[in-house]
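Following the hints, complete the assembly by docking chain B onto the known chain A.
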Amino acid sequence: DSGVTQTPKHLITATGQRVTLRCSPRSGDLSVYWYQQSLDQGLQFLIQYYNGEERAKGNILERFSAQQFPDLHSELNLSSLELGDSALYFCASSVEYEGSGANVLTFGAGSRLTVL
Amino acid sequence: DQQVKQNSPSLSVQEGRISILNCDYTNSMFDYFLWYKKYPAEGPTFLISISSIKDKNEDGRFTVFLNKSAKHLSLHIVPSQPGDSAVYFCAAKGSSNTGKLIFGQGTTLQVKP
Chain A
66 DSGVTQTPKH
76 LITATGQRVT
86 LRCSPRSGDL
96 SVYWYQQSLD
106 QGLQFLIQYY
116 NGEERAKGNI
126 LERFSAQQFP
136 DLHSELNLSS
146 LELGDSALYF
156 CASSVEYEGS
166 GANVLTFGAG
176 SRLTVL
Chain B
28 DQQVKQNSPS
38 LSVQEGRISI
48 LNCDYTNSMF
58 DYFLWYKKYP
68 AEGPTFLISI
78 SSIKDKNEDG
88 RFTVFLNKSA
98 KHLSLHIVPS
108 QPGDSAVYFC
118 AAKGSSNTGK
128 LIFGQGTTLQ
138 VKP
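Heads up: the protein sequence lines correspond to chains A and B, in order. Take 66 as the starting number for the first sequence in our numbering and just add one per residue. Take 28 as the starting number for the second sequence in our numbering and just add one per residue.
Excised from the complex, chain B in its bound form:
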């Protein structure tokens, strides 16, 4: 049962344009959502998070939007840079007493110069 889904395996955008990465989830008990970025031969690194009581969180070029009614979140990167080329994972945390994160399958973003 895939509770967190990233339905687009890959995305290609031009440098300077907006990148939009999408994520859907099924469990309404998730209380936090996180985005991680992963370069080859490295571990995932934390990018940005959002609480389930918010609908938007912004950090520099990165903004995450949460639509609870649709059980959907998205990561916007503006403007996109070639260095943003990586695999992006969406993750969710439940409100139980364990801090484990449930990850989506990842979306590979390629930003072309």
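In isolation and in its complexed conformation, chain A is listed as follows:
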């Protein structure tokens, strides 16, 4: 158990629908990151939050949004779902986001989304 909790583990839905993925970071970690892993692809960075504020944005579609709440858990909202959104969505957390150090991210087990 990495300490990063993601729910649900699996989700099957239809095109056009909206889903919410939830992430609870490791205790003490203030930064949360979301990554997408599509079939045979690497981990694509979507978005990062630090202590409730957005810190960095990657290739996140406009149909996707995220937020980090005061208790530091984060949610990734995916709307108007398309077949191509089927993927593994990983949440990761770290203590800090500052430039110093390797900033090791601790990953959750992922949420597998299937859009039919």
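Everything labelled a hint here was simulated from the structure, so no lab data went into it. One or more of the hints may lead you astray.
[Claimed, not checked] Some but not every residue of chain B turned toward chain A, in silico, with C-beta under 7 Å:
#, residue
1, Tyr59
2, Phe73
3, Ser76
4, Phe130
Just so you know, even glycine gets a beta-carbon here, dropped at the ideal spot from N, CA and C.
Just chain B, lined up with the frame of chain A:
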């Protein structure tokens, strides 16, 4: 634009031999490089890292080498064990004020008994 590339999708080695996984990058501003290992149905787990000011870092059976002039790093596993069979991701961190990591596509390592 793929800033971190792992050009070998898969690698197969015999137990006890050396496994060498390679990674290339394009951005000279990266200040740290990390390797992660991923088993099926689990999230990636951190393995080893190296600062851009170093050329080698060793941790037990795992050693990472960095060649800045070639923008290339490699992970050596000696000796390889069947339990090392997993997907290995190379990742890089920039020196900006965000700690995000940029990952390569991954290399699947199979260690045969």
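Could you check if Tyr59 of chain B really has its C-beta closer than 7 Å to a C-beta on chain A? Hint on Tyr59 of chain B: holds, closest Cβ of chain A at ~4 Å, below 7 Å.
Please check whether Phe73 of chain B passes as an interface residue: C-beta within 7 Å of a C-beta belonging to chain A. holds, 5 Å
Taking the least C-beta to C-beta distance, is Phe130 of chain B closer than 7 Å to chain A? Holds: closest Cβ of chain A sits about 4 Å from Phe130 of chain B, inside 7 Å.
Hold the hint about Ser76 of chain B up to the distance rule: shortest CB distance to chain A must be less than 7 Å. This hint holds: Ser76 of chain B lies near chain A, its Cβ roughly 4 Å from the closest one there, short of 7 Å.
The structure fails none of the hints (numbered hints given earlier).
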